[in-house]
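Q: Sequence:
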Amino acid sequence: MEEVDFNKIAAKWQKKWEEKKIFKVKVDSKKKKYYCLEMYPYPSGQGLHMGHVRNYAMGDSYARYKRMRGFNVLYPMGYDAFGMPAENAAIKNKINPRKWTEDNMALMKSQQKLLGLSYDWDRELASCNPEYYKWNQWIFLKLLERGLAYKKKSPVNWCEDCGTVLANEQVEDGACWRCKNPVSEKELEQWFFKITNYADELLKGLDDVKDWAERVKTMQRNWIGKSEGTEIFFPIEKSKEAIPAFTTRPDTVFSVTFIALAPEHPLVEKVTKGTKYEKEAKKFVEKVKRESVIDRINEEKEKEGFFTGKYAINPASGERIQIWIANFAVMDYGTGAVMCDAHDKRDFRFAKKYDIPLKVVIKPANVKKFRVEDLKEAHTDDGIMINSDQFNGMHNRKALPKISAWLVKNNKGKKVVNFKLRDWLISRQRYWGTPIPVINCKKCGIVGIPEKDLPVKLPPPEKVKFTGEGNPLESSEEFVNVKCPKCKSAATRETDTMDTFVDSSWYFFRYCSPKEDKKPFDDEVEYWMPVDQYIGGIEHAILHLLYARFFTKALRDIGLTTVDEPFSNLLNQGMVLKDGMVMSKSKGNIVDPREIIDKYGADTARLFILFVALPEKEFEWSDKGAEGSYRLLKRVYYLATEKPKYKKTVDNKDKHILSKTHQTIKQVTESYEELKPSVAIGKIIELVNHIYKYREASVNKKVYEEAVKNLTLLIAPFAPHLAEEVWEKLGNKKMVSLESWPEYDQSRIDKEAEFADELVHNVLSDVEKIIELAGIKEPKKITLIIAADWKYTLLKTLVTAMKDTRDTKAVIGTCMDERKVKAYAKYAVKIIQALLKDNSKIPKILLEEKKELESYKAAIETIEKEYGTKAEIISEKETENAKAKQALPGKPAIVVE
RNA sequence: GAGGGGAUAACGAAGUGGUCAAACGUGAUGGGUUUAGGACCCAUUGGCUUAGUGCCUUCCGGGGUUCGAAUCCUCGUCCCCUCACCA
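In this text, residue positions in the first sequence follow this note's numbering: the first is 124, and each later residue adds one.
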């Protein structure tokens, strides 16, 4: 086999594709659209890693496939170009962050081009360009108008030494990642998006996106964390105030013997003020607050509490209950106050630890005497209500809504729906992001920048100071000191920038009309959106996908689109491992895609990475495996370029290879549709193996060419460069990328017929033996009862069993679904005709009655039409009778009369 | 604690009721080709066997449903992931 220079081939075709701009698309209402999208990458400076290659190999092959199927395919690429690493490079190495980012993008793009990805590069975007982030600002202002963007005080991770806010990821073991000093929480004014307004819709929408992996949907559901419950008011003793506490288990209200307040709870101070507990309480709160950041990672944190000395009243039982401050209560969830009882594990242990009285209200149904003193652990099972006045004797799950209603009726509580989802904190005290387009005016307050003044551009990096302390934007007086757009008096510009998740929450809309300069995007989105196939890492299962869904709904409400859900199908690709670990620099186990491309070419890299595992699964990288894919490509090249010996005639071998070819088209197409490229490639390899064997002897030219032609088309989405080259060598003028996907011809797929022949042959020889044994000269009548879903091997067994009987009736089983019923009926007819040595006789076919009756109806029609025979459905009982007659318990048999 | 996903031959990995001793690839063994190596080609790769063929034991373990189970149900074991003081 001659050496093929795959890199040369790749370069040749990449150039041709680019020159002819064959992947450029525009709206075409006559064609069906298909929007295939990969999560746009962050240009990190390392260039592409294997994860990227996997992502793009997946997306590109799918985009190419859909294109060949006649879709108008939108397949764009861009860059998530804002973010911390650029700024850190500026701080550490005094590098211009814009240049740093642009260089990285250029590097990344050059590598993407080497892979031969079929993007419409005219739609490329980068979030750090003013033409893009202008619309971040525009959208922000729209959200501000609608009250969906707002400012409020919020605790942030604060490093006193560096004088800056830290992202959660920058807090390592409770200390600043840079200076290693402890991080504290600080209340700062922050910008938020009101994603909670959409909590319910975001939750419901998950039911509409059917083709998302269940685990992703579950993760989002958990994150949104809807729970319906009751907020119960616990009046504070000798006070007019009450403590509201959220619960999903109001049935335990009579059991509540103490309340736990979060340390941050505003009532903590009120309750303890002026008492002897005040000092101690403060100490405790301080301690917990400090720990909250540090111990976040700690798994089994000791539950700690502090008694405030105050009491509240249980609104159900009227009993006095203690008010505690406890570290397990979080201000963030519910009301920040937990009603605690004997039916919760954590509460129970806490009460035991601090010797707080407990009371049970639910007992097991079969226990008479149930006392709290006897319990070692909380009783968390369902049971019968006790100690609960009028609710005694009820099952607790039945009592639950009744108690809730009773509390509401008596103004002791209200029904509430609680979400875990918090509003989205979008402000960052950073330079390299979209400036939040508002001005803080002493007179007018927060004033949005007028639309005509957008974009608010970042000052050039030379004009700001990257010291690593504070927000660099604050160092630019030019940027900060402005006039209020309303009252024209001196004001200051907001220096916070936006979270980069804002950029990525709508970029897929922008791709639809990337040049639009009056709006974020125009009506073309109505043609292209939603994204039909979105591909990216599982790490974005919650945040990015949730934010993007939120943005879509918000943009819809602004009136920019009618789309509700942005991504119809979602594929979360698995990770690429090496030596059982994630590839990373620190572990030193990186396989650079460039090496693979240099050595074997882009097609091999793409093919292997798709072949080695299903896209969702993680897989172990192996160089040897890549060689296998390389071999396959060489074999395909060989098949197409080295002619076999030709002959004029067509024999069974030719028929068989045609059958195999069409079968492969069918299987590969199905596997593509199911997003199983590894299976598709497996089938292609099988075809290649078959063609190899087939061409050992001389072959029919037409048949051979058809096989190779289809093979080339099938492999084109995976190995596009090779396919183009081979396609050209086969004498085609049009590029294979522009060709249509092959259609399979069902009539050519005669595997079933082959099977039938074999079946008939085998049964004949066996039945002949039986007839001989039974001493029958000429069988006169044969009935076939197609009873269940039997396969040939069983049939054989029956035939064998028949050797011991003198009876003369035949019973053959078949199958459940229509296709199989038909197939088996066909064999049955053939067998009987052959046995009777009379092709004119049409046997009667009986089908056993089963639950799946419907699926038989079509089969019966076909049988009747094709064989001119009567097909009947008989009851299972009759089959039983048939079985009984054969004296073969539990197993019917073939009987010849 | 809650939720999700897994376990298939030496390895990776297909296969979700019958054409299943289980695709495909690696690896291994034998043979061919080659000056040698490499590359390439062919065969074998659970066991026992035949001229095709056939039989037996297999898809983490136990039990079940079925004429029939790698596939469905059930109980268990082990592994992975996500969220988690959520009231």
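If you're looking for bench data, these hints aren't it; they were derived computationally from the structure. Hints are supplied without guarantee of correctness; some may be wrong.
Stated by the list, open to error - Derived DSBU-like pairs: lysine-lysine, alpha-carbon spacing no greater than 35 Å straight-line: (1) LYS482 x LYS433; (2) LYS143 x LYS825; (3) LYS770 x LYS789; (4) LYS609 x LYS638; (5) LYS156 x LYS766; (6) LYS532 x LYS217; (7) LYS580 x LYS482; (8) LYS143 x LYS154; (9) LYS476 x LYS399; (10) LYS131 x LYS852; (11) LYS131 x LYS317; (12) LYS770 x LYS747; (13) LYS722 x LYS778; (14) LYS399 x LYS426; (15) LYS766 x LYS701; (16) LYS499 x LYS525; (17) LYS138 x LYS349; (18) LYS399 x LYS349; (19) LYS333 x LYS825; (20) LYS275 x LYS232; (21) LYS317 x LYS303; (22) LYS143 x LYS806; (23) LYS565 x LYS393; (24) LYS722 x LYS770; (25) LYS333 x LYS154; (26) LYS349 x LYS139.
Q: Against this structure, judge whether each hint is valid.
A: Verification of the hints:
1. LYS482 x LYS433: This hinted pair holds, its Cα atoms lying about 19 Å apart.
2. LYS143 x LYS825: holds, 32 Å
3. LYS770 x LYS789: Distance ~28 Å between LYS770 and LYS789 Cα, so the pair holds.
4. LYS609 x LYS638: Status holds; Cα separation ~31 Å.
5. LYS156 x LYS766: violated, 40 Å
6. LYS532 x LYS217: With a Cα-Cα distance of about 66 Å, the restraint between LYS532 and LYS217 is violated, given a limit of 35 Å.
7. LYS580 x LYS482: violated, 64 Å
8. LYS143 x LYS154: holds, 21 Å
9. LYS476 x LYS399: Satisfied, since the Cα-Cα distance of roughly 22 Å is no more than 35 Å.
10. LYS131 x LYS852: Given that 35 Å is the threshold and the Cα spacing comes to 15 Å, the pair holds.
11. LYS131 x LYS317: Measuring from Cα to Cα gives roughly 53 Å; hence the hint is violated.
12. LYS770 x LYS747: violated, 38 Å
13. LYS722 x LYS778: violated, 39 Å
14. LYS399 x LYS426: Holds, because 23 Å separates the two Cα atoms, which is no more than 35 Å.
15. LYS766 x LYS701: Between LYS766 and LYS701 the Cα gap is close to 41 Å, so the pair fails against 35 Å, i.e. violated.
16. LYS499 x LYS525: holds, 29 Å
17. LYS138 x LYS349: violated, 53 Å
18. LYS399 x LYS349: violated, 40 Å
19. LYS333 x LYS825: violated, 44 Å
20. LYS275 x LYS232: violated, 40 Å
21. LYS317 x LYS303: holds, 34 Å
22. LYS143 x LYS806: The hint holds at about 32 Å.
23. LYS565 x LYS393: holds, 33 Å
24. LYS722 x LYS770: violated, 39 Å
25. LYS333 x LYS154: holds, 25 Å
26. LYS349 x LYS139: violated, 54 Å
In summary, the structure is inconsistent with hints 5, 6, 7, 11, 12, 13, 15, 17, 18, 19, 20, 24, 26 from the numbered list given earlier, while agreeing with the others.
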